[in-house]
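Student: Here's the letter readout for the chains.
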Amino acid sequence: MSMKKNIKYILILFLFVCLTGCSKGNIEDIDENLKKIELTSNLVTYKAYYHNVIEYKKDKGTGLAHIFEVDRELFIEYSGYVKLGIDLSDVKIVTNGNQIDVYVPKAKIIGNPDVNDKNFTSENFYESRDSINKNVITGDDINEAIQLSKEEMKNMAENDKELLRLAQNRAKAILAENIKQVVELSENKYSINWELEKLYEVK
Amino acid sequence: MDKEKIKSFFEKNKKIILGGCAVVLGVGIFVGVMRSSEGSVSMKFKSSLDNLQESSDLETVTYRYDIIAKKCNNEKKCNMKSNNIKDFEFVVSCESSITASIKFDNIKVHENDKKLIVTLPKADLGEPVIDSVNFLNVVPGEKFESARKICAEEVKKRSLSDVEFNEAIKDHTADVIKNYFEQWIKALDMEDYTIEVR
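Chains F and A supply the protein sequences, listed in that same order. Residue numbering for the first sequence is 131 to 333, as defined by the working numbering. Residue numbering for the second sequence is 228 to 425, as defined by the working numbering.
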């Protein structure tokens, strides 16, 4: 009888060791407070809002630990934005007789894209059903999906020549309006010629 | 006869045979679990431009901060300094940034005795941009929204009290504007003017 009991205990111990996951490290193992201050001179002329959909699929695992798992799908619908504008320090102003040539640099993406927090909610996460053995779509899975989606948004904006041209033109309009205050103070009369840096070479 | 021999063999060695089967089963389960692997992941993305919002923000200082944010299991009895993960619903490390800007449209310029006085509008701190949220513990996906909010609150709180950041906003914004108007003064042949940024 005692041999039977011993075998039972050994089995239970085996199962316990196999099936118990290891817990993650203590909070103190993580470094914090990495801070960096960046000095810039970016004039943002547009905020472009994109409607995004992510289709995330997580297959069931293989092996004994994943028995009875099912494939999972998650759809996320959210609004994100990308900022566009110019670097003001790249604006060049050169006098050419009675004409002032103002060179407006190409527009670019400014900073990193982000989600529009006003309507970003987990109510816009649509998950398929799970089974007895959970195949959980975790917070880290969603983080990865959102990061890749933001990259996609940024790529779309970077390749949208029309959008970049609009952003550059608006920069020119903002600068032109602002500089009237100074031009009026000059005793000499100048004409202002605005030159926009080309976004791409026409072949 | 053979059947009798087999039967008696089992009777004599019952304990050893059962023990052996238990060990084999245990090892089989152990190996089966250890050789388990997570399922693969695939993603598809669709994006379409929804609308364009005009802006005239001149961004001069961005504050990038990697922080740890925590949400307690019990808000009423919570020790935020605890290092025991079981005290928290989740613990995340966030990569984020917050940017200061002024409205370029609202810059006012007037002249006073060969001095160009440039008056800047008040600098605004934009909403934090959360680049990444990594969970220390495994939590379901619906916690992601809550984790983002906590990261954003924490970054905003720290940036408001960061003296170095606030000084940089004042100093660098003034430098950017001064450099810009200096180009204009030179171009307009107004080199006898000085610039004061307020």
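Just so you know, these hints were derived from the structure itself, not from any lab. Remember, predicted model here, so these are calculated numbers, not experimental data. There could be a bad hint or two in this list.
For lysine-lysine, the following BS3-like pairs were computed, each having C-alpha atoms within a straight-line distance of at most 25 Å [to be verified]: (1) F:Lys-165 to A:Lys-273; (2) F:Lys-238 to A:Lys-273; (3) A:Lys-330 to F:Lys-187; (4) F:Lys-177 to A:Lys-230; (5) A:Lys-376 to F:Lys-310; (6) F:Lys-248 to A:Lys-405; (7) A:Lys-230 to A:Lys-241; (8) A:Lys-405 to F:Lys-222; (9) F:Lys-177 to A:Lys-241; (10) A:Lys-298 to F:Lys-177.
Listed next, the stretches of chain A that the computed footprint assigns to chain F, with coverage defined by at least 3 CB atoms under 8 Å from CB atoms of chain F [said to hold, decoys possible]: (11) 229-237; (12) 276-289; (13) 298-308; (14) 401-407.
Not the full set, but computed from the structure, chain A residues with beta-carbon under 7 Å of chain F [unchecked claim]: (15) Ile-244; (16) Cys-248; (17) Val-260; (18) Glu-265; (19) Gly-266; (20) Val-268; (21) Tyr-292; (22) Leu-352; (23) Gly-353; (24) Phe-371; (25) Glu-372; (26) Asn-393; (27) Ala-395; (28) Ala-414.
For each residue, glycine too, the CB sits at the ideal point set by N, CA and C.
Student: Against the earlier hints, flag every one the structure doesn't satisfy and list their numbers going up.
Tutor: The structure conflicts with hints 1, 3, 4, 5, 6, 9, 10, 11, 13, 15, 16, 22, 23 and 26, although it agrees with all the remaining ones.
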